[in-house]
Amino acid sequence: MQTLMCQNIVRKMGDDFTLGPINLEIPAGTITAVIGNNGAGKTTLFQALSGDYPGEGETNIHGHNIHSIAGKAALSYVPQTFPEVLPFRLQQLRDLHAKHDDTWRDDHFQAYVRQFDLPLRKRISQLSVGLQRKAVLALQLSRDTSLLLLDEPFAGLDMEGQTQLEKMLLHKMEENPDCSIVFATHIADEVQRLADYIAIMKKGKTREPMEKDILAQQFKRIWLASPVTGVEEAPGIREVSAEGAPPQILTSDAEATEKWLADQGVHIVKRASLSLHESLPIMLRESERTEV
1 MQTLMCQNIV
11 RKMGDDFTLG
21 PINLEIPAGT
31 ITAVIGNNGA
41 GKTTLFQALS
51 GDYPGEGETN
61 IHGHNIHSIA
71 GKAALSYVPQ
81 TFPEVLPFRL
91 QQLRDLHAKH
101 DDTWRDDHFQ
111 AYVRQFDLPL
121 RKRISQLSVG
131 LQRKAVLALQ
141 LSRDTSLLLL
151 DEPFAGLDME
161 GQTQLEKMLL
171 HKMEENPDCS
181 IVFATHIADE
191 VQRLADYIAI
201 MKKGKTREPM
211 EKDILAQQFK
221 RIWLASPVTG
231 VEEAPGIREV
241 SAEGAPPQIL
251 TSDAEATEKW
261 LADQGVHIVK
271 RASLSLHESL
281 PIMLRESERT
291 EV
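FYI, the UniProt record's numbering numbers position 267 of the sequence shown as 267, with every residue one higher than the one before it.
Derived by calculation from the structure, the hints in this document are not laboratory data. Model, not experiment: these values are computed from the prediction. Each residue gets a CB set at the ideal place from its N, CA and C atoms; glycine is no exception. Some clues are possibly wrong.
[Stated by the list, open to error] So the derived label-pair ranges between C-beta atoms look like this:
id, residue 1, residue 2, range
1, Asp-158, Val-240, 34 to 44 Å
2, Pro-21, His-267, 40 to 50 Å
3, Pro-54, Asp-102, 42 to 52 Å
4, Ser-273, His-100, 46 to 56 Å
5, Gly-63, Asn-38, 31 to 41 Å
6, Gly-55, Pro-227, 24 to 34 Å
7, Asp-52, Pro-235, 36 to 46 Å
8, Gly-55, Ala-155, 34 to 44 Å
9, Val-269, Gly-130, 45 to 55 Å
10, Ile-282, Glu-84, 36 to 46 Å
11, Pro-21, Glu-84, 25 to 35 Å
12, Glu-58, Arg-207, 17 to 27 Å
13, Gln-217, Ala-98, 41 to 51 Å
14, Lys-99, Asn-37, 40 to 50 Å
[Stated by the list, open to error] Listed below are the simulated PhoX-like cross-link pairs for lysine-lysine, each with C-alpha atoms no more than 25 Å apart in a straight line:
id, residue 1, residue 2
15, Lys-72, Lys-172
16, Lys-259, Lys-270
17, Lys-172, Lys-99
With these hints in hand, go ahead and build the complete structure from the sequences.
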């Protein structure tokens, strides 16, 4: 079952940037990290998926168009900036949701307020950047929705706040197995700890989300018994290091690379999966050289 489906999403930002066309499916019960270099279009994508930036294409949440009442009720969205809430006190925003939002869970809100140590009587604009983000997160996480769109949710949070948010997101997934979370980030640790899938953005387009665990099988460092002539041309090769012993190669397609090595009669000393700290920069560099 798919929580989010979008078809042919296109948004034009003047003459300089176009988002899309985007075709994306997010399975229920999963967490997807959207990664990309600055200017790749992550924020524009989230604005389009949330319905804040109308244009071409269609976005559905559990079959409900994002612009319908049911579609809006199924979505919680935390953008990078939120000027519309700054003049209000958190208590006022809580009261508004409690009165008019059928998805509101006040028990959750009160728990988030305690965990984040949020002041209810101060205007949001009077809070620090980190507390402002915590306040908006508390409001949106307190809504019992099927989809969370979080644009750089950990940005501006202190270390304790990051740990708290991570636990909150995982708890929400445990509470509602059909819930899906899509978050934008450029931090490998966040992807490693939370994501099931990774979607790479480049120049307003995105690749089909890939399973994080499959990436670990594809991206490997391989140690060879001896140098191999022509190994640079083997499929998947991204780096060759002949310095030291034994020589090493780095591949983004371990299965194809190892088959090539076997055909050449090359003995593999050992192999190890790359961490996301190593593989994500390679993927982003490749996205800059090839079309999505």
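*Just pull the numbers of the violated hints for me, sorted ascending.*
Hints 3, 6 and 8 contradicted; others consistent.
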